[in-house]
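Colleague: Chains as they are written, first to last, in my numbering: chain A, 1 to 134; chain B, 135 to 255.
If you're looking for bench data, these hints aren't it; they were derived computationally from the structure.
Hints may be right or wrong, so weigh each one.
[Said to hold, decoys possible] Computed beta-carbon distance windows for the label pairs:
1. B/G221 with A/S115: 36 to 44 Å
2. A/H111 with B/P231: 48 to 56 Å
3. A/N102 with B/R208: 31 to 39 Å
4. B/P237 with A/G125: 36 to 44 Å
5. B/V254 with A/E62: 52 to 60 Å
6. A/L89 with B/R236: 50 to 58 Å
[Stated by the list, open to error] Covered stretches of chain A (in silico footprint by chain B; criterion: 3 or more residues with CB under 8 Å from a CB of chain B, positions within the stretch not fixed):
7. 37-44
8. 49-55
9. 66-77
10. 102-116
11. 120-132
C-beta: ideal position from N, C-alpha, C; glycine also.
Each chain, written out:
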Amino acid sequence: MPSGGVFPTTPGHEIVGRIEEISPEALAALGVQEGDRVGVRSCIVTAEGSTRVYGFDFPLDEESGLFGGYADYMELVPGTEVQRLCDDLPATELTVYECLANSATLVRAAHPGESLLVHGPGHMGLAAIVARAA
Amino acid sequence: MLRSDVRSNPRSSMSSAAARNNAASDAARRGACVRRSGCPAAVTVMTITTFLARARDVLSLSVTRQGTLARPARGRNGLPRAIVFNGDETWELRDVPKPSTRPGCAVLRVEAVGICHSDVD
Numbered sequence: 001m002p003s004g005g006v007f008p009t010t011p012g013h014e015i016v017g018r019i020e021e022i023s024p025e026a027l028a029a030l031g032v033q034e035g036d037r038v039g040v041r042s043c044i045v046t047a048e049g050s051t052r053v054y055g056f057d058f059p060l061d062e063e064s065g066l067f068g069g070y071a072d073y074m075e076l077v078p079g080t081e082v083q084r085l086c087d088d089l090p091a092t093e094l095t096v097y098e099c100l101a102n103s104a105t106l107v108r109a110a111h112p113g114e115s116l117l118v119h120g121p122g123h124m125g126l127a128a129i130v131a132r133a134a
Numbered sequence: 135m136l137r138s139d140v141r142s143n144p145r146s147s148m149s150s151a152a153a154r155n156n157a158a159s160d161a162a163r164r165g166a167c168v169r170r171s172g173c174p175a176a177v178t179v180m181t182i183t184t185f186l187a188r189a190r191d192v193l194s195l196s197v198t199r200q201g202t203l204a205r206p207a208r209g210r211n212g213l214p215r216a217i218v219f220n221g222d223e224t225w226e227l228r229d230v231p232k233p234s235t236r237p238g239c240a241v242l243r244v245e246a247v248g249i250c251h252s253d254v255d
């Protein structure tokens, strides 16, 4: 979850993009190749086991400073997870992947027969209903 | 680190930005209406609305229906761009070099990004 973050920073999570260049290590870790369209998981787990969030937790003076989606290019660091996304929808529409994934994850904790209260029928609330019905 | 050749006052070009983008123009008009109400809460709404309109314009957050990239990964002067939040509720559009691919890492060409309330709050 967003931590409150550091400043100055390049903001932006809910990122959709294409792999421009990839190192051999990242190629093995991410399972995607150059040209693939991906959604980027905001939260990364560092080698030390702590978590950092793209768009919030990376200061501008760290390496390129490009660790948020409000930019033409950004860096994906070790500990990143990505999900391949389809090519036949506009990238702008695909940015909802994160909200949908969050909602699906949240309702997964509910057991059969339990009621869920959706407090707010926004895109996440509606996604929670769809996920629960699935 | 990002280069500091910034456009330090992005709000100054808001009027031309709105003219280039119908959606941005709509947002700007809503912002103007809210601003006239003089309510402190509405000022926040205006700021966010102005930000959204400007961000949409400077990053041209749109792609073709087929999903291919419709915008170049650079600004008018030929360099890639990034928005920087300074931490004092101001932000800047900066020209930045394309990052190199470090060992263990990858470089992503950003096609689109969600604008979450947690970004601007």
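Colleague: Please flag the earlier hints that this structure goes against, numbers listed from lowest up.
Modeller: 5, 6, 8, 10 and 11
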